[in-house]
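A.B. asks: The task is simple: from the sequences and hints, build the whole structure.
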Amino acid sequence: MSFLTPLYLLGGALIALPIVLHLLRRDVAPPLPFTAVNLLRTSAVERSRQHRLRDLILLAARVAALLLLAASFARPYVAGAAPATRTTVIAVDRSYSMSAAGRRDRARMLARQAADAVQRGDRVAVVAFDDRADVLASPGVVADARAAINTIEPGYGATRYAAAFDKAAELLANEEHGRLVIVSDLQRTGFDSTGAVLPEGIELSVRDAGAQVSNLSVSAATLDGTRRVARATIRNSGDEARATDVRMVLEERAPVSKHVSVPANDTLEVTFDAAGDPRRVTVAIDDASGYQADNQRFGIYEARGLPKVLILTGGPASTAGFYLSRALGADGGEGPDFDVRTLSGSAFTAMSESDIRDQSVVALLSTHGLDRRAGDRLRAYLAAGGGLFVAASADVDPTVLSTLLEWQPQLAPRDVRRARILAATDLRHPVFRPFEAVAANFGQVLFDRAWSLDAGAGWRVAAQFTDGSPALIERVQNGGRLMLFASDVDRRWNDFPLHPTFVPFTQEIARYLGARPSVTASYLVGDVPAGTPAVPGFAQVGARTVAVNVDPREASADRLTPVEFQKLVTRTTAGTRARVERLARETEGQQNYWRYGLMLLMATLVVEAFVGSR
Amino acid sequence: MPLAASTRDLRFLDPAVIARLGSMELKARTVVEGFLSGLHRSPYKGFSVEFAEYRQYLPGDDLSTLDWKVYARTDRHYVKKFEEETNLDCHVLLDVSASMAYRGAAAMTKVEYGSVLAASLAYLMHRQRDATGLIEFDDRIRRRLPASARPGHLHAILLALDKVAPGARSDVGRPLHQLAEALGKRSLVVLISDLLDDPENIVRGLKHLRFRGTDVIVFQVLDPHEIQFPFRGAARFTDVESDDVVTADPERVRESYLAAMASLRARYEKELRGAGIDFLSLDTSKPLDFALMAYLDTRAKRK
Numbered sequence: 001m002s003f004l005t006p007l008y009l010l011g012g013a014l015i016a017l018p019i020v021l022h023l024l025r026r027d028v029a030p031p032l033p034f035t036a037v038n039l040l041r042t043s044a045v046e047r048s049r050q051h052r053l054r055d056l057i058l059l060a061a062r063v064a065a066l067l068l069l070a071a072s073f074a075r076p077y078v079a080g081a082a083p084a085t086r087t088t089v090i091a092v093d094r095s096y097s098m099s100a101a102g103r104r105d106r107a108r109m110l111a112r113q114a115a116d117a118v119q120r121g122d123r124v125a126v127v128a129f130d131d132r133a134d135v136l137a138s139p140g141v142v143a144d145a146r147a148a149i150n151t152i153e154p155g156y157g158a159t160r161y162a163a164a165f166d167k168a169a170e171l172l173a174n175e176e177h178g179r180l181v182i183v184s185d186l187q188r189t190g191f192d193s194t195g196a197v198l199p200e201g202i203e204l205s206v207r208d209a210g211a212q213v214s215n216l217s218v219s220a221a222t223l224d225g226t227r228r229v230a231r232a233t234i235r236n237s238g239d240e241a242r243a244t245d246v247r248m249v250l251e252e253r254a255p256v257s258k259h260v261s262v263p264a265n266d267t268l269e270v271t272f273d274a275a276g277d278p279r280r281v282t283v284a285i286d287d288a289s290g291y292q293a294d295n296q297r298f299g300i301y302e303a304r305g306l307p308k309v310l311i312l313t314g315g316p317a318s319t320a321g322f323y324l325s326r327a328l329g330a331d332g333g334e335g336p337d338f339d340v341r342t343l344s345g346s347a348f349t350a351m352s353e354s355d356i357r358d359q360s361v362v363a364l365l366s367t368h369g370l371d372r373r374a375g376d377r378l379r380a381y382l383a384a385g386g387g388l389f390v391a392a393s394a395d396v397d398p399t400v401l402s403t404l405l406e407w408q409p410q411l412a413p414r415d416v417r418r419a420r421i422l423a424a425t426d427l428r429h430p431v432f433r434p435f436e437a438v439a440a441n442f443g444q445v446l447f448d449r450a451w452s453l454d455a456g457a458g459w460r461v462a463a464q465f466t467d468g469s470p471a472l473i474e475r476v477q478n479g480g481r482l483m484l485f486a487s488d489v490d491r492r493w494n495d496f497p498l499h500p501t502f503v504p505f506t507q508e509i510a511r512y513l514g515a516r517p518s519v520t521a522s523y524l525v526g527d528v529p530a531g532t533p534a535v536p537g538f539a540q541v542g543a544r545t546v547a548v549n550v551d552p553r554e555a556s557a558d559r560l561t562p563v564e565f566q567k568l569v570t571r572t573t574a575g576t577r578a579r580v581e582r583l584a585r586e587t588e589g590q591q592n593y594w595r596y597g598l599m600l601l602m603a604t605l606v607v608e609a610f611v612g613s614r
Numbered sequence: 001m002p003l004a005a006s007t008r009d010l011r012f013l014d015p016a017v018i019a020r021l022g023s024m025e026l027k028a029r030t031v032v033e034g035f036l037s038g039l040h041r042s043p044y045k046g047f048s049v050e051f052a053e054y055r056q057y058l059p060g061d062d063l064s065t066l067d068w069k070v071y072a073r074t075d076r077h078y079v080k081k082f083e084e085e086t087n088l089d090c091h092v093l094l095d096v097s098a099s100m101a102y103r104g105a106a107a108m109t110k111v112e113y114g115s116v117l118a119a120s121l122a123y124l125m126h127r128q129r130d131a132t133g134l135i136e137f138d139d140r141i142r143r144r145l146p147a148s149a150r151p152g153h154l155h156a157i158l159l160a161l162d163k164v165a166p167g168a169r170s171d172v173g174r175p176l177h178q179l180a181e182a183l184g185k186r187s188l189v190v191l192i193s194d195l196l197d198d199p200e201n202i203v204r205g206l207k208h209l210r211f212r213g214t215d216v217i218v219f220q221v222l223d224p225h226e227i228q229f230p231f232r233g234a235a236r237f238t239d240v241e242s243d244d245v246v247t248a249d250p251e252r253v254r255e256s257y258l259a260a261m262a263s264l265r266a267r268y269e270k271e272l273r274g275a276g277i278d279f280l281s282l283d284t285s286k287p288l289d290f291a292l293m294a295y296l297d298t299r300a301k302r303k
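The listed protein sequences correspond, in order, to chains A and B. Going by the numbering used here, the first residue of the first sequence is number 1, and it counts up by one from there. Going by the numbering used here, the first residue of the second sequence is number 1, and it counts up by one from there.
Everything labelled a hint here was simulated from the structure, so no lab data went into it. As the structure is a prediction and not an experimental result, all values here were calculated from the model. For every residue, glycine included, the Cβ atom is placed at its ideal position computed from N, Cα and C. Treat the hints with care, since some could be wrong.
[Claimed, not checked] Pairwise CB distance ranges (calculated):
hint, chain 1, residue 1, chain 2, residue 2, range
1, A, V20, B, D243, 26 to 32 Å
2, B, L159, A, V20, 56 to 62 Å
3, B, D243, A, M602, 42 to 48 Å
C.D. replies: Laid out in structure tokens, this is it:
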């Protein structure tokens with residue numbers, strides 16, 4: 001017997017009430033000295049027994065009534081009363097590693113055996129999985145499952161056990177004791193960083209369909225446009241050195257081949273001349289014994305540029321932005337991290353919208369020369385996901401700024417000329433996170449003048465001055481991110497640019513504001529955008545040509561035993577609890593024992609009333 | 001009761017009046033004299049105590065009945081006429097157990113009532129020249145005054161009865177057996193007790209006495225509350241001797257209690273009378289004349 005809402009059982013503690021009253025009632029009668037107690041006993045005992053019996057019946061009735069009330073509210077049900085049919089989900093690996101000789105057939109055989117092994121009346125579902133899991137046969141009869149199993153073919157995806165587990169959990173959501181049979185070559189790489197979590201109540205069986213193979217794969221194919229070199233990385237997952245021909249095709253040109261020997265369990269980089277500014281490269285090898293899908297790889301040239309930062313100042317005569325441009329343009333050893341450009345307000349107004357959209361960050365240090373059109377551009381830029389940095393200064397008019405960005409209510413800071421110190425309020429903020437232990441160095445900066453800002457609705461305070469007033473606030477406006485620094489960055493209101501923290505501070509702000517989804521030219525089969533065929537090769541994504549490749553991790557020969565596999569599965573009660581609760585609700589709803597409880601309660605109260613009146 | 005109806009003045013026999021009197025001797029004398037006073041005027045004269053008197057010797061009288069001392073003083077022959085022999089030993093057994101100290105609504109406790117009854121009997125016996133003894137007992141014999149007809153002995157008995165103190169729990173059978181073995185000649189035993197002890201033992205003890213040729217009169221002294229059980233409201237009835245507790249609602253158990261009490265008294269009545277023992281159940285709120293009458297009745301049978 002289980003209870004849907006067992007907390008109501010605590011109400012059963014109320015039975016202490018009649019019990020205590022019953023015990024107290026025993027002392028109600030006053031003592032009375034008497035002589036013929038033996039005569040009284042003879043008669044009284046019987047009466048007393050009747051009384052005691054009556055009292056006990058009353059007590060039992062009242063206790064039972066309270067217990068029945070509590071139990072009815074707790075919604076009792078009998079678990080396991082439902083018919084004990086069981087569903088078995090057979091999840092068959094269809095990753096490209098299953099293309100190794102004999103693995104597909106063995107997997108099918110094991111899957112069929114698993115299907116045949118279920119008990120009469122049980123249901124069987126078939127799921128094929130790699131990066132994702134697809135139901136080939138919904139829970140049903142064995143014949144349908146066998147038919148579905150016979151259609152399974154290895155694809156180009158990589159093994160992700162989590163996908164199979166999630167699908168199995170979905171299929172077994174209404175099962176109290178479901179079963180999952182994994183048929184796979186048990187590659188270790190199938191347990192990725194997200195882990196593989198299986199609800200507690202699902203029984204897991206593992207069938208090993210793999211055998212150790214010696215696999216050669218092309219794990220990388222890249223083009224370096226600046227150095228006119230094409231590179232191919234060949235990986236040998238076997239225990240013996242392997243020799244192979246590496247063929248490279250640049251664009252539509254004739255293949256170029258090199259014969260190489262790859263040491264056991266090692267990789268080899270093979271380079272080819274890539275003159276003529278090619279943008280596409282295809283590398284292929286011959287490996288009949290290993291996985292077929294990783295014998296070929298496609299590369300595409302990706303021109304990478306620096307994030308652009310546009311600093312808006314008061315004009316050519318203005319010195320504003322000097323320190324900021326130098327800080328963002330600092331060479332970190334491998335060249336600068338940002339492409340910094342300084343413009344006047346009027347020049348900004350003349351920029352095209354697309355040029356503005358190319359900017360990762362716009363730093364507004366002056367409102368001079370910014371007209372209504374500039375405001376439109378700024379708002380459009382923000383709407384496109386741009387990042388805007390505003391630093392307070394004498395050149396920034398709060399009213400103009402509010403008008404440009406259509407802030408309501410308008411920004412109305414007080415210009416406070418008082419020495420203050422910056423304190424990084426929240427070290428978890430992406431701007432301050434890199435500082436960690438050295439964040440205290442901000443305290444060495446002396447701020448003589450700053451805006452006293454009212455961080456009202458919509459603003460979030462990222463840093464404060466030590467007097468509690470906001471120093472760095474941010475908000476999201478029309479999809480873009482905006483940060484406002486309460487003092488200037490040109491050493492007029494403070495000596496911040498002279499301190500070591502200035503450069504990393506401004507660079508982190510630029511990185512934070514300029515962070516946007518990257519546009520890549522290479523996809524794995526399992527990550528292709530919607531509408532793009534999930535097969536290796538070159539494909540069109542919008543106007544771009546992208547390379548689609550198999551996941552090189554799948555080429556690994558590192559395998560698990562079934563026991564090791566079981567150990568790597570994380571069991572969770574979260575889904576189990578939800579499933580159990582749902583099943584409990586359904587079972588309780590079918591049984592409705594609470595109604596019988598209430599009827600018994602009524603009967604008990606009738607008995608109590610009857611006995612109590614005697 | 002014919003006797004009660006015949007007595008004009010029961011005032012001096014009323015326990016409420018007796019209880020207010022001073023010494024036991026006064027109480028006894030008041031009871032006996034009052035009783036005798038009423039008795040002389042009643043149609044039951046045959047039960048009257050016959051006083052010793054003298055008459056002139058007539059030819060044919062037994063010469064042994066001549067009172068030579070009177071002849072010496074008066075120079076005339078007189079014979080003692082109607083004087084009882086004083087060879088009867090009367091033993092009054094008074095139960096002084098704790099249950100006898102119970103008093104409900106009556107003026108006297110049972111032991112007080114029993115003491116007055118014992119004193120009255122002793123006074124009456126003394127007047128009849130009987131040797132009178134007193135035994136106080138609870139679960140054993142607490143005090144024993146042997147039977148004697150000496151003039152000062154009555155005083156000793158009355159003094160002892162004046163100082164009666166309730167004892168422990170009762171065991172009537174035990175002193176009865178002891179007494180049965182101790183009595184050497186035919187005697188009269190008067191037992192005054194509430195007889196709430198084990199009836200089996202009591203009856204066995206009394207039959208033992210009777211078997212030894214002793215005449216026995218049993219007075220069961222009960223309080224009106226024990227007879228009527230007039231209590232109301234649930235109570236924890238605590239036995240004054242054993243501390244046993246019975247919790248009961250009197251209104252619910254009264255009927256069965258009264259039946260049990262009636263059954264007990266009927267059992268005594270039946271078994272004792274069957275053994276030739278006089279039994280009389282007394283109510284401490286009622287006059288003592290019933291008891292005295294019963295004594296005289298038994299005494300008369302011994303003539």
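A.B. asks: None of the hints should be skipped; say for each whether it holds.
C.D. replies: Quick rundown of the hints versus the structure:
1. V20/A with D243/B: 26 to 32 Å: 27 Å, holds
2. L159/B with V20/A: 56 to 62 Å: 58 Å, holds
3. D243/B with M602/A: 42 to 48 Å: The hinted range 42 to 48 Å holds for D243/B and M602/A, with Cβ atoms some 46 Å apart.
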